[in-house]
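Student: Sequence:
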Amino acid sequence: MPEPLTLHAECFKAAGGMTADGMKKLLGTPALSLLDTVIRETVQNSWDARREDFGVGYRIRLRALRPKELAILEEEVFAELPPHQSSAMGIREFLDADRQVVMEISDWQTAGLGGPVRADRIPERGEANDFVNFVRNMGARRDVAGGGGTYGYGKSSLYQLSRCSTVLIDTVTLSSKEKPINRFIACHLGEARDMRKHGRLTGRHWWGTEVEDEDVVDPVTGQQAARLRRLLGLPDRDDGLTGTTLVVLDPDFDDGLSLEDIGAQIQEALLWYFWPKMLPGLDGELPIEFEVEIDGEVLPLPAPEQFPPLDLFVEAYRCVKDGGPNLYDIDSERPIQHLGKCSIRRGFRQPRRYLVPEGESLLPSSSAHIALMRPVELVVKYVEGTQLPSDTVEWAGVFICNDDPEVEQAFADAEPPAHDDWIPDQMPKSWAKTYVRVALSRLKYLATSYAYPGPGAASGGSEQPPLARAADRLGNCIPIFGNTRAGGGRPGGGVGGGSGGRGAGRRQWHIGEPRFRRIEEGTDGVEAVFQIDVANSSGHSLRLVATPAAVMDGALADAEDDDQDVSFICWEDEAGTRLTTSTGIVAASNSDTTLFARIAFPDDGAAGIRVTATEQVS
11 MPEPLTLHAE
21 CFKAAGGMTA
31 DGMKKLLGTP
41 ALSLLDTVIR
51 ETVQNSWDAR
61 REDFGVGYRI
71 RLRALRPKEL
81 AILEEEVFAE
91 LPPHQSSAMG
101 IREFLDADRQ
111 VVMEISDWQT
121 AGLGGPVRAD
131 RIPERGEAND
141 FVNFVRNMGA
151 RRDVAGGGGT
161 YGYGKSSLYQ
171 LSRCSTVLID
181 TVTLSSKEKP
191 INRFIACHLG
201 EARDMRKHGR
211 LTGRHWWGTE
221 VEDEDVVDPV
231 TGQQAARLRR
241 LLGLPDRDDG
251 LTGTTLVVLD
261 PDFDDGLSLE
271 DIGAQIQEAL
281 LWYFWPKMLP
291 GLDGELPIEF
301 EVEIDGEVLP
311 LPAPEQFPPL
321 DLFVEAYRCV
331 KDGGPNLYDI
341 DSERPIQHLG
351 KCSIRRGFRQ
361 PRRYLVPEGE
371 SLLPSSSAHI
381 ALMRPVELVV
391 KYVEGTQLPS
401 DTVEWAGVFI
411 CNDDPEVEQA
421 FADAEPPAHD
431 DWIPDQMPKS
441 WAKTYVRVAL
451 SRLKYLATSY
461 AYPGPGAASG
471 GSEQPPLARA
481 ADRLGNCIPI
491 FGNTRAGGGR
501 PGGGVGGGSG
511 GRGAGRRQWH
521 IGEPRFRRIE
531 EGTDGVEAVF
541 QIDVANSSGH
551 SLRLVATPAA
561 VMDGALADAE
571 DDDQDVSFIC
581 WEDEAGTRLT
591 TSTGIVAASN
601 SDTTLFARIA
611 FPDDGAAGIR
621 VTATEQVS
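Position in the sequence shown (from 1) plus 10 gives the number in my numbering.
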């Protein structure tokens, strides 16, 4: 039998160091459950370590060790237990239990934990430092564009989840010559102790290969690491299948729950926080292929498009990505900066298919939420807003911050260690802090006012907002849309177009996309108001023409459709003063103007508006 692994119990150096107790507290107190935190942190790290933008594999497996696997763990990995009783006892109790449950978290098509295995060694040019940052160091941020993983913080949740604070790490990475490297090491976080025989212990422990005359152990490598992987029943990584498996020993689950119950919680957390990575790309490939396995049985994950209310979030997400209807620009005015885009979709409330008991589910019984994301497209959190007055309909929104490096970094810096929020108050005074604060303020207002988008919508009074009657009359109608296609007029002069007028290539005027602002009770039905922003520096006036249209099958109907019962009422200014009842209106030259178009439609339908513009050249 091969030699058992060597235990290294870390002692304080003369310059000091962090205790294991302190490391376990680095995560703070996340708003999420510990299991949800572990899932979010490990998926984030797997995505940051991807080798391609598609095809990352991520699997969580809950299982009990078989007798032969337990024997290897007891005789070869933990043949020597930590010197202090408090640490030794937790591991011993796990090994002696009637059933040894472990949670494996594995990924594939990722880079694995590469680079040097000692913290005092400098990586070669272009070489990662992932092994040291994950296994040795604390608080090191991944140097990945758009990334979010912070090794020292995220990994602490793994040890907190383990009743014996112990994790096995099995990884395959590539050398500078693209050859696979197997690495295996076991880690434990105990308590800092002063022991006469062993010195001042930090509480950090590793089991690996002894290094002669050095106060450290290295990971087991090569065939011995591959052998331990096989004998412990860990996922196969033959043929250099790179990636990492983390094994949490004795996960601290509720004693009243079965592994199947925990599996359902895992499924739901993956769906709720990572549904954007479950949507196939144009080539049909999934960014991440998720899998949950419980005692050898693979639990299927529903497609988000068919799992309410995620179906509405998917619609909103695609609107943001493709520039669809009901798209809101979230901007800062001081300084002027585009912060991101938000889309909200409304639809029938579909029956829920709860994977866990309804009262414990992450899924809202009726959705009124905006999912917040950075361009990496992992859900940071949900902002809850006001429910629609009819219990047969619900709404869902998605906000993705601008991928401009300055803006994206601002939102990244606003995240706490658990990456589950944006907290501008923790940031120093700066434009970055302003960006995050302004975006959150506008998104919270949008979430609050969407159901009743009129004056005083967020006043908090007990009286029903005056627009509630109109919203009630809308009943089950689908959302109200702005323009969904470019209008006519000069080339480039349609809604959302670039430049217009003389001087090819120069932006001389621009008509913004009509943005839905509110619904109101009209004399003959429901009235909707849309905002149109005009920027005109062409030296010539512009003639705008508004064409209302019904919404059919999720899009604006053709203007020639005789069956439409939608009518134009008037143009208004910002004060609500009626300017003209004609569908056409003139915007002055060399000025920026905000106009509002009011339309009427039946209370059992939905409508939108197109606006075209032509330059008035004398």
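Please keep in mind that the hints were generated in silico from the structure rather than gathered at the bench. One or more of the hints may lead you astray.
[What the hints assert, rightly or not] Pairwise CB distance ranges, derived in the manner of DEER restraints:
no., residue 1, residue 2, range
1, Pro361, Glu530, 46 to 54 Å
2, Lys189, Ser96, 24 to 32 Å
3, Leu44, Asp130, 56 to 64 Å
4, Arg240, Ile433, 23 to 31 Å
5, Glu368, Asp108, 37 to 45 Å
6, Asp108, His348, 54 to 62 Å
7, Ile433, Glu584, 43 to 51 Å
[What the hints assert, rightly or not] No farther apart than 30 Å at their CA atoms in a straight line, the calculated lysine-lysine pairs in the DSSO-like style are these:
no., residue 1, residue 2
8, Lys331, Lys443
9, Lys351, Lys439
10, Lys351, Lys331
11, Lys207, Lys189
12, Lys351, Lys207
Ideal placement from N, C-alpha and C gives every residue a C-beta, glycine not left out.
Student: Are any of the numbered hints broken by this structure? If so, which, sorted upward?
Tutor: Result: hints 1, 2, 3, 4, 5, 7, 11 and 12 break, sorted rising.
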